[in-house]
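Work out the full structure: start from the sequences and follow the hints.
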Amino acid sequence: YLWQTPAKNKDEIIKVIEYVKNQYKNNSIGRFATILKETDEFIGWTGIKYVNDHVENGNTNFYDYGYRLHEQYWNKGYATEASVAWLKYGFNVMNIDKMNAYTHAENDASNHILQKIGMNFVQNYPDSNDVIWKWWQMKNPEILG
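Counting from 1 along the sequence shown, just add 1448 to a position and that's the residue number in my numbering.
In case anyone wonders, no lab produced these hints; they're calculated from the structure.
Treat the numbers as computed from the prediction; the structure is a model and nothing was measured.
All C-beta atoms, glycine included, are put in the ideal place defined by N, C-alpha and C.
Wrong hints could be hidden among the right ones.
[To be verified] Cβ-Cβ distance ranges computed for the label pairs, FRET-style:
| no. | residue 1 | residue 2 | range |
| --- | --- | --- | --- |
| 1 | 1575 | 1520 | 24 to 30 Å |
| 2 | 1462 | 1590 | 35 to 41 Å |
| 3 | 1457 | 1524 | 29 to 35 Å |
| 4 | 1487 | 1457 | 28 to 34 Å |
| 5 | 1571 | 1458 | 36 to 42 Å |
| 6 | 1552 | 1525 | 17 to 23 Å |
[Claimed, not checked] Simulated crosslink set (SDA-like; lysine to any residue; CA at most 20 Å straight-line):
| no. | residue 1 | residue 2 |
| --- | --- | --- |
| 7 | 1546 | 1533 |
| 8 | 1536 | 1493 |
| 9 | 1473 | 1498 |
| 10 | 1546 | 1483 |
| 11 | 1546 | 1485 |
| 12 | 1497 | 1524 |
| 13 | 1473 | 1541 |
| 14 | 1564 | 1554 |
| 15 | 1546 | 1565 |
| 16 | 1546 | 1502 |
| 17 | 1485 | 1456 |
| 18 | 1497 | 1461 |
| 19 | 1536 | 1588 |
| 20 | 1497 | 1588 |
| 21 | 1536 | 1546 |
| 22 | 1524 | 1493 |
| 23 | 1524 | 1578 |
| 24 | 1587 | 1509 |
| 25 | 1497 | 1462 |
| 26 | 1497 | 1508 |
| 27 | 1546 | 1514 |
| 28 | 1463 | 1498 |
| 29 | 1463 | 1481 |
| 30 | 1587 | 1505 |
| 31 | 1469 | 1457 |
If you want it as C-alpha cells, here you go:
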C-alpha cells in the first residue's frame, strides 16, 4: 500500500538517514524503531513526524502519525498499541492540537485501526498518480475540553 521501493545504493540510504536525522533535529520528533519487548526484535517503525517538506491533501506544516510493521507482525495488535501510545504522547507531552494520518483507501486493516483508536475520517483524495487515499484527523481532547 505504500508504493515505496527499497534504497538501491548508498547515496539513497544516506539521503533517508539525513531526512530522519533532520526530523529529530528540527522538530524534536520522528519515526522510531519499534521493538518487540518479549524478544527484542525490530518489528518496524512507528511515530509522529512533522510534514513541512511537501503538500499532502492540500496540507503542509502538520503532524502526521504513521507506522510500518513487517508483515509477520500484522494482525497482532501491535499497530493499535503503538497508535494509542503515540497519540497520548503527541497530545499530552507535545501538546499537539490535532493529529493527522493518511492511508491507502484500500488498506482496510490500517483504516480500521485509525477508526478504532478514535481518529475521524475526513475525506478521500487522489495523489498525483490518481491513487486514492483517506485523510484522518483527531483533535486533542485536552485542548477541546
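Tested hints:
no., hint, result
1, 1575 <-> 1520: 24 to 30 Å, "28 Å, holds"
2, 1462 <-> 1590: 35 to 41 Å, "39 Å, holds"
3, 1457 <-> 1524: 29 to 35 Å, "34 Å, holds"
4, 1487 <-> 1457: 28 to 34 Å, "32 Å, holds"
5, 1571 <-> 1458: 36 to 42 Å, "40 Å, holds"
6, 1552 <-> 1525: 17 to 23 Å, "21 Å, holds"
7, 1546 <-> 1533, "15 Å, holds"
8, 1536 <-> 1493, "17 Å, holds"
9, 1473 <-> 1498, "11 Å, holds"
10, 1546 <-> 1483, "26 Å, violated"
11, 1546 <-> 1485, "29 Å, violated"
12, 1497 <-> 1524, "24 Å, violated"
13, 1473 <-> 1541, "18 Å, holds"
14, 1564 <-> 1554, "17 Å, holds"
15, 1546 <-> 1565, "14 Å, holds"
16, 1546 <-> 1502, "18 Å, holds"
17, 1485 <-> 1456, "31 Å, violated"
18, 1497 <-> 1461, "19 Å, holds"
19, 1536 <-> 1588, "9 Å, holds"
20, 1497 <-> 1588, "16 Å, holds"
21, 1536 <-> 1546, "12 Å, holds"
22, 1524 <-> 1493, "15 Å, holds"
23, 1524 <-> 1578, "32 Å, violated"
24, 1587 <-> 1509, "16 Å, holds"
25, 1497 <-> 1462, "19 Å, holds"
26, 1497 <-> 1508, "12 Å, holds"
27, 1546 <-> 1514, "14 Å, holds"
28, 1463 <-> 1498, "17 Å, holds"
29, 1463 <-> 1481, "18 Å, holds"
30, 1587 <-> 1505, "18 Å, holds"
31, 1469 <-> 1457, "19 Å, holds"
In this structure, the hints that do not hold are numbers 10, 11, 12, 17 and 23, in rising order.
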